[in-house]
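Trainee: First residue of the sequence shown? That's 322 in our numbering, and the numbers climb one at a time after it.
Careful: at least some of the hints might be erroneous.
[Stated by the list, open to error] Label pairs and their in silico Cβ distance ranges:
no., residue 1, residue 2, range
1, Ser353, Glu325, 33 to 43 Å
2, Ala332, Asn352, 37 to 47 Å
3, Phe328, Ala348, 26 to 36 Å
4, Leu346, Val326, 21 to 31 Å
5, Ser351, Asn323, 33 to 43 Å
6, Ser353, Met322, 35 to 45 Å
7, Asn323, Ser353, 42 to 52 Å
Simulated from the structure, these hints should not be mistaken for laboratory data.
Keep in mind it's a predicted model, so treat the numbers as computed, not measured.
Ideal Cβ placement from N, Cα and C applies to all residues, glycine included.
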Amino acid sequence: MNFEVLFQLTALLFIVAAGPLVIVLLASRSNSGL
322 MNFEVLFQLT
332 ALLFIVAAGP
342 LVIVLLASRS
352 NSGL
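Sequences are here, hints too, so could you generate the full structure?
Mentor: Now the structure itself:
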């Protein structure tokens with residue numbers, strides 16, 4: 322196992338998981354503001 326490859330896979334997984342989460346968070350925050 323290469324650490325650099327493992328780090329890239331972890332970063333990619335984090336970005337893929339954080340994308341929709343940020344969208345949902347912004348949507349819920351805008352709805353709460355209104």
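Trainee: Indicate, hint by hint, whether the structure satisfies it.
Mentor: Taking the hints in turn, this is what the structure says about them:
1. Ser353 / Glu325: 33 to 43 Å: holds (41 Å)
2. Ala332 / Asn352: 37 to 47 Å: Because 30 Å falls outside the window, the suggested range is violated.
3. Phe328 / Ala348: 26 to 36 Å: Holds, at about 31 Å.
4. Leu346 / Val326: 21 to 31 Å: holds (30 Å)
5. Ser351 / Asn323: 33 to 43 Å: holds (42 Å)
6. Ser353 / Met322: 35 to 45 Å: holds (43 Å)
7. Asn323 / Ser353: 42 to 52 Å: holds (44 Å)
Going through the hint list in order, the structure does not satisfy hint 2, though it satisfies all others.
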